[in-house]
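Residues per chain are reported as follows:
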Amino acid sequence: MKKLIIIPAYNESENILNTVKCIEEDAPDFDYVVINDCSKDNTIEILENNHLNFVNLPVNLGIGGAVQTGYQYALENGYDVAVQVDGDGQHDPNFLSDLFETLVKENADMVIGSRFIKNEGFQSTFMRRVGITYFTKLIRSLTGKTITDPTSGFRMCNHKVIELFSKDYPRDYPEPESVVALLKRKMKVIEVPVQMKERQGGESSINASKSVYYMIKVSLAILIENLRKYKV
Amino acid sequence: MNVQLRVLLIVLIVFVFILFVQQIKKKALKLQYTLTWLALLFFLFIVTVFSSLQNFLSNMMGISLPINMIFFFGFLFMLAIVYRLTEAISKQSEQIKDLAQKIALMEKEINDKHK
Numbered sequence: 001m002k003k004l005i006i007i008p009a010y011n012e013s014e015n016i017l018n019t020v021k022c023i024e025e026d027a028p029d030f031d032y033v034v035i036n037d038c039s040k041d042n043t044i045e046i047l048e049n050n051h052l053n054f055v056n057l058p059v060n061l062g063i064g065g066a067v068q069t070g071y072q073y074a075l076e077n078g079y080d081v082a083v084q085v086d087g088d089g090q091h092d093p094n095f096l097s098d099l100f101e102t103l104v105k106e107n108a109d110m111v112i113g114s115r116f117i118k119n120e121g122f123q124s125t126f127m128r129r130v131g132i133t134y135f136t137k138l139i140r141s142l143t144g145k146t147i148t149d150p151t152s153g154f155r156m157c158n159h160k161v162i163e164l165f166s167k168d169y170p171r172d173y174p175e176p177e178s179v180v181a182l183l184k185r186k187m188k189v190i191e192v193p194v195q196m197k198e199r200q201g202g203e204s205s206i207n208a209s210k211s212v213y214y215m216i217k218v219s220l221a222i223l224i225e226n227l228r229k230y231k232v
Numbered sequence: 233m234n235v236q237l238r239v240l241l242i243v244l245i246v247f248v249f250i251l252f253v254q255q256i257k258k259k260a261l262k263l264q265y266t267l268t269w270l271a272l273l274f275f276l277f278i279v280t281v282f283s284s285l286q287n288f289l290s291n292m293m294g295i296s297l298p299i300n301m302i303f304f305f306g307f308l309f310m311l312a313i314v315y316r317l318t319e320a321i322s323k324q325s326e327q328i329k330d331l332a333q334k335i336a337l338m339e340k341e342i343n344d345k346h347k
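Protein sequences, first through last, are from chains Y and G.
All letters in the first sequence, in the order written, are residues 1 to 232 by the working numbering.
All letters in the second sequence, in the order written, are residues 233 to 347 by the working numbering.
Isolated chain Y (complex conformation) (with noise of 0.2 Å):
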C-alpha cells in the first residue's frame, strides 16, 4: 500500500526541516509531501536547498486549502493512504504506525490521533481543553458519536476519503467539521490515544482573539454540516 504523509507549513522555517528528518527516520515506509502555503519567511529556500518533496501554492490558501492540496496530491499520485502531520514537530512519527494499524484492522475511513485517550503528553492549555471538550459534546449531540480530539490534524485517511476530501474539504480550521461530514455520510471514524509535544517553534495559528472567532465559526459549520443530506 502507497502511504503519504501531507505535511501542511505555514512559515515552518524554525521547524520544517527537523519535521521531515523525523519523518525519514521513524516512519520510513511512508513517503511525504510539504505543502508550502506561501510561507512569507523562507521555508521555500530551506525545501528547496535540502530537496525535499514539496509542493508550493502560489497564494495562501489558509490549512484547509493547504491540506487538501495534498490530499489531491495523494489522489494523483495514486496513494492508498494519506495522514496529515503538522510542520511544526506537533505530530510525533512514531505513532503513525499505530495509526495505519488501526485503519487496516478496523477497516476503519479515517483514524484521529487523540491526545484524551490516555491523556499522556502535551495536553494543550487549559482553555483549549474546555473548547475541545464543548466541540466533543456538540459533535456527540449532533451524531451520537464520541470524538474525544475533534481538533485534532494528526489523522490519516483511506482512499475513499482522499477522493471525498480532495473536491471538498473546509477552507479554515477544518478539522471539527470535516469530521462531521464523515460522520454524516456513516463513515468509520475512530480515535487511537497518541501523545502530541509542545509546538517546537514558530507560533499557532489560533492566537487569543481569534479564538472567539474559531469557536463560532467552527461551531456554525458543524451545525450547517450536520443540517446536509449524503445519500449513503
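Hints in this document: simulated from the structure, not taken from any laboratory.
A couple of the hints might just be wrong.
[Stated by the list, open to error] With a straight-line cut-off of 25 Å between C-alpha atoms, the simulated SDA-like cross-links for lysine to any residue are:
no.: 1; chain 1: Y; residue 1: 40; chain 2: G; residue 2: 275
no.: 2; chain 1: G; residue 1: 334; chain 2: Y; residue 2: 48
no.: 3; chain 1: Y; residue 1: 105; chain 2: Y; residue 2: 26
no.: 4; chain 1: G; residue 1: 345; chain 2: Y; residue 2: 52
no.: 5; chain 1: G; residue 1: 323; chain 2: Y; residue 2: 219
no.: 6; chain 1: G; residue 1: 340; chain 2: Y; residue 2: 164
no.: 7; chain 1: Y; residue 1: 2; chain 2: G; residue 2: 343
no.: 8; chain 1: Y; residue 1: 40; chain 2: G; residue 2: 325
no.: 9; chain 1: G; residue 1: 329; chain 2: Y; residue 2: 26
no.: 10; chain 1: G; residue 1: 340; chain 2: Y; residue 2: 193
no.: 11; chain 1: G; residue 1: 340; chain 2: Y; residue 2: 23
no.: 12; chain 1: G; residue 1: 334; chain 2: G; residue 2: 315
no.: 13; chain 1: G; residue 1: 329; chain 2: Y; residue 2: 143
no.: 14; chain 1: G; residue 1: 345; chain 2: Y; residue 2: 131
no.: 15; chain 1: Y; residue 1: 231; chain 2: Y; residue 2: 221
no.: 16; chain 1: G; residue 1: 334; chain 2: Y; residue 2: 163
no.: 17; chain 1: Y; residue 1: 145; chain 2: Y; residue 2: 193
no.: 18; chain 1: Y; residue 1: 2; chain 2: Y; residue 2: 14
Using the hints provided, position chain G relative to the given structure of chain Y.
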C-alpha cells in the same frame, strides 16, 4: 415631494446611469453584476417622475413621507446589491483556490520531470 428635490434626484439618477453605462461600455464593470444597480436606478427614476405613484406606494405602506419610502426601497436594493457581491466573492474565492491548487500541482509535476 417638492419640485426642487425631484429635479435634484432625477439629475443624480441620470448622471449615475450614464456613468454605469459608460463603465459597462468600457468593460470596467460587468453587466451581470450591475443589473441590481440598474434596477435600483430604474425604480428611483419611476417613483421620482410619477409623484402619484409615490403617494400611492407611501399610503399603501403606511409611510407618511414619500422620501422615507424611497429611502426604504433604496436600502432594500442596497441589501440586494451587497448580497450579490458576497455571492460573487464566495464563488471567486473558491475558483481562486482551485486555480492555485492546480498551478501548484502542475508546477510540481513539471519540476519532477526536469529532475
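Hints, verified against the model:
Between residue 40 of chain Y and residue 275 of chain G the alpha-carbon distance is near 49 Å, which puts this suggested pair outside the 25 Å criterion. Among the hinted pairs, residue 334 of chain G with residue 48 of chain Y is consistent with the structure: their alpha-carbon atoms are about 20 Å apart, no more than 25 Å. Between residue 105 of chain Y and residue 26 of chain Y the CA atoms are separated by roughly 21 Å; this keeps the pair inside 25 Å, and the hint holds. As the CA atoms of residue 345 of chain G and residue 52 of chain Y are separated by approximately 15 Å, the hinted pair is consistent with the 25 Å bound.
As the CA atoms of residue 323 of chain G and residue 219 of chain Y are separated by approximately 22 Å, the hinted pair is consistent with the 25 Å bound. Restraint check for residue 340 of chain G and residue 164 of chain Y: the C-alpha separation of about 22 Å stays at or below 25 Å, so the hint holds. This hinted pair checks out: residue 2 of chain Y and residue 343 of chain G have alpha carbons roughly 22 Å apart, not beyond 25 Å. Distance restraint check for residue 40 of chain Y and residue 325 of chain G: the Cα-Cα separation of roughly 21 Å lies within the 25 Å cut-off, and the hinted pair is therefore satisfied.
A hinted pair counts as satisfied when its Cα atoms are at most 25 Å apart, and residue 329 of chain G with residue 26 of chain Y does not qualify at roughly 33 Å. Taking the CA atoms of residue 340 of chain G and residue 193 of chain Y, the gap is about 35 Å. The hint is violated against a cut of 25 Å. Distance hint between residue 340 of chain G and residue 23 of chain Y is fulfilled; the C-alpha atoms sit about 21 Å from each other, no more than 25 Å. At roughly 29 Å between alpha-carbon atoms, residue 334 of chain G and residue 315 of chain G are farther apart than 25 Å, so this suggested pair is violated.
For a cut-off of 25 Å, the pair hint linking residue 329 of chain G to residue 143 of chain Y is broken: about 30 Å separates their Cα positions. Straight-line distance between C-alpha atoms of residue 345 of chain G and residue 131 of chain Y comes to about 46 Å, which puts the hinted pair past the 25 Å bound. Taken as a hint, the residue 231 of chain Y and residue 221 of chain Y pair is honoured in the structure, with Cα atoms around 20 Å apart against an allowance of 25 Å. Distance restraint check for residue 334 of chain G and residue 163 of chain Y: the Cα-Cα separation of roughly 16 Å lies within the 25 Å cut-off, and the hinted pair is therefore satisfied.
For the hint linking residue 145 of chain Y to residue 193 of chain Y, the alpha-carbon distance of about 17 Å falls within 25 Å, and the restraint holds. Straight-line distance between C-alpha atoms of residue 2 of chain Y and residue 14 of chain Y comes to about 29 Å, which puts the hinted pair past the 25 Å bound.
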